[in-house]
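A.B. asks: Below, each chain spelled out in residue letters.
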Amino acid sequence: MRNVWTLAGREFRSYFNGVVAYIILAIVLLALGLLFWDNFFLQRAATARMMFERLSMLLVFATPAMTMGLLAEEKRTGTFELLITMPVRESEVILGKFFGVVGLLVVLLALTITYPLTIASLGNLDWGPVWSGYLGLFLEGATMLGIGLMASSFTDNQIVAFFVALFINGVLWLLGFFLPVLPLAAASYLEWFSFGYHFDSLARGVIDPRDLIFFVSVTALCLAVAFRSVERRRWS
Amino acid sequence: MSDVMIEARALTKHYGPIHALDDASFEVRRGEVLGFLGPNGAGKTTTMKILTCFIAPTSGTALIGGVDVFDDPLEVRRMVGYLPETTPLYTDMRVLEYLDFVAKMRGFNHADGRKRIQKVVEETSLSEVIGQEIRSLSKGFRQRVGLAQALVHEPPILILDEPLSGLDPNQAAEIRELVRQIGRERTIILSTHNLPEVQMTCGRVLIVSRGKIVANDTPDELKARAGKPHYLVTVRAGADGAAPPMHAAIERVGGVERVAASSASEPGEVVFEVTPSDSKDLRPELFRAAVDSGTVLLGLERRGEDLEQVFRQLTTKGDA
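Protein chains in written order, with the working numbering: chain A, 111 to 346; chain B, 110 to 429.
Derived by calculation from the structure, the hints in this document are not laboratory data.
Quick caveat: nothing in here was measured; it's all calculated off a predicted structure.
Be a bit skeptical, because a hint or two may be false.
[To be verified] DEER-style ranges, computed between Cβ atoms:
hint : chain 1 : residue 1 : chain 2 : residue 2 : range
1    : B       : G249      : A       : F248      : 43 to 51 Å
2    : A       : I317      : B       : D177      : 48 to 56 Å
3    : A       : D318      : B       : I239      : 49 to 57 Å
4    : A       : V281      : B       : Y124      : 27 to 35 Å
5    : A       : P319      : B       : G249      : 52 to 60 Å
6    : A       : V217      : B       : G249      : 33 to 41 Å
7    : A       : V326      : B       : L183      : 23 to 31 Å
8    : A       : A136      : B       : G249      : 31 to 39 Å
We put the CB at the ideal spot given by N, CA and C, even for glycine.
Next comes chain B alone, as it looks inside the complex:
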């Protein structure tokens, strides 16, 4: 088996006149965590449903672990652990009863199944609720049961559709940490519309918009697209309402391309907008320049490198 675990080839899906997915091609390699990013209705869920063989693409195909989704859906499903968007579980069952069922469906006998279950219950910290009915669990625990269910058969590939939606920040942090741990040995695709999420967990980001892939980069490369960062330096104005020594001092700092005094929001302050010539962090130098020139520094801010901005640019093109 090659290193490419998931290969989508020109996936297209039409629901009647609606083009849910349009000629989407991408690859995911072993050990990679791919973030699937896009506004609601962009085609994330459709792609995941195709990769798990729940629906078939209108045209194009996908290879999972080298197996075509058209040729052998059962083999594909064996290799994949899947958590759909709304975490659908049999709420009338108890957690252990449910995991027993999943293990059985995954082809384990009772004893082997129990061994696997014990392992995933530890991984997902479910032991305290193991005997409870799923309907009585909080959203966070349900999400963990959903993950446990996807992990029982130790799949080489995990497909998680918005695993963090609807969780409070603490729960989200726990699940995120869990995904990161799991992701060390596995290939993961996770969809989200939460940007910080992607930066924290994913090695690569795929942005989809209206069924098309508009970006396929590392988070850092994407940030670079936002343009270079710039700095806002706020200093106290001199007696005459300006701060000429600071202007000159900033110009002398290495790596500064351009300095412009912009309008201050408060009286008695001057704000300089500094454009650097490279991506090196200039804040220490700017601080020292202020100190050396005897200027009182009131604020120093680095702007840009904003995934959100890139996301908006890429996904709203042509909307205006």
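This is chain A alone, in the form it adopts within the complex:
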């Protein structure tokens, strides 16, 4: 487990050693600002719901940018070989990278705390749904990061990793909008795979264990697939 934290720490710092983290954070915060304040005052309500919905959409694009290099770039430059030939398990590498990028997500979410704080100064904000909304964003974001890490394990090309992750995120995120036009039998199953279905109830302030289980199990599945794909290298 020690290796996991060492790797996570290195990964986290490497985002800030370069410009990647700053660019992603700046773009997301800028876009969030534009999307949020655009119609905030029309709602005539002191609620942060819109922020969570907008940010949830922005994460669809932002998380693949965070994860695309995690394994793909290491494989391309060969540092992956040096990393793997240290006394470290493949599973530790996967977990370390995952926690490292989750750290970046936490920074991003922490920087948006200014929104609820501002809203609270404008009116009477109910903090319950804010915290459950953050929990939802964290879980949804972490799941998207898991998907991104998995995509990054398939290839040594960052661009490919980005688009694979964006595609999967997009499908799972957009699924919610297509459910009404699908046959009822199919919709009731597919609903379960929609990000929106699970995220919306958290954003409303409802913490349902089934939603937590959904995010955690999809993340675990993605990390397991990433692990297999990294491990397969040995036998190819």
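We have chain A; now place chain B onto it with these hints.
C.D. replies: Okay, now just chain B, sitting in the frame of chain A:
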């Protein structure tokens, strides 16, 4: 633990239809520097990747310090310091930051890690760039960071994949000297396609070609395979265009098996090709023979003993 630090047993690796390595067996003993020689794509890198447990062989196995690469890859990796071919480093990190990371991954706490780092930084003369970002370093310094990284945990075994490629002659000489120093206490495998390199640093040479080991000898034994050396003696021709006194004088020198006058490239010169009967250096005697017979000696050259020739013979077999 026995004296055999690395033992490859019938290593075979197929990438689909490509046989990267075919039934390769060899041993490396403690304190030995083994040169891994072969054309590009011969299987050197594949072998090293198997020994460091980055990939698994299709069949066969390898024992590192007595541990099977299939049984306990982590233990194998603990014993090995590895420098892959392209010296892949995290270029966004500073040298010290990077070495700290490596020491931590190798299981040292911060204080112990720093002690080790201080030692390898001295060994590899990195102190002047310790605070610099790796991306700003020259190839030579990067190579040293790569070596430092492989040495932090004082591994008994070092595996270096082309540690000198891409370096200028001065840098190469420095790294070579470093490898020689390090090699006194450790078992080293280094791959290269640079022949003088092998002669200077390695106690034993393994030549691979198309995935097969075609030679496993000391550099001297390999040289012996090139056949005996021969000598080219150039003298000034006499008035009649020949130099009979020299011919007879050379024949009288002990250890000469055969003398033949060959065609001279310049007019007024005669070249004798001398085949010795053993490997003793005949040049002093040949010089004296020329002086004693009153012949003007224009050139005296010893040919052969050429690793390059052996290398070409062994690695191009069946290509023609």
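A.B. asks: Please go over all the hints and tell whether each is borne out by the structure.
C.D. replies: Comparing the hints with the structure gives:
1. G249(B) - F248(A): 43 to 51 Å: Between G249(B) and F248(A), where Cβ atoms are some 46 Å apart, the hint holds.
2. I317(A) - D177(B): 48 to 56 Å: 50 Å, holds
3. D318(A) - I239(B): 49 to 57 Å: 53 Å, holds
4. V281(A) - Y124(B): 27 to 35 Å: Cβ of V281(A) to Cβ of Y124(B): about 34 Å, so the range 27 to 35 Å holds.
5. P319(A) - G249(B): 52 to 60 Å: This hint holds: roughly 59 Å between Cβ atoms.
6. V217(A) - G249(B): 33 to 41 Å: With Cβ atoms ~37 Å apart, the hint holds.
7. V326(A) - L183(B): 23 to 31 Å: 28 Å, holds
8. A136(A) - G249(B): 31 to 39 Å: Because 37 Å falls inside the window, the suggested range holds.
When the structure is compared with the earlier hints, no violation turns up for any of them.
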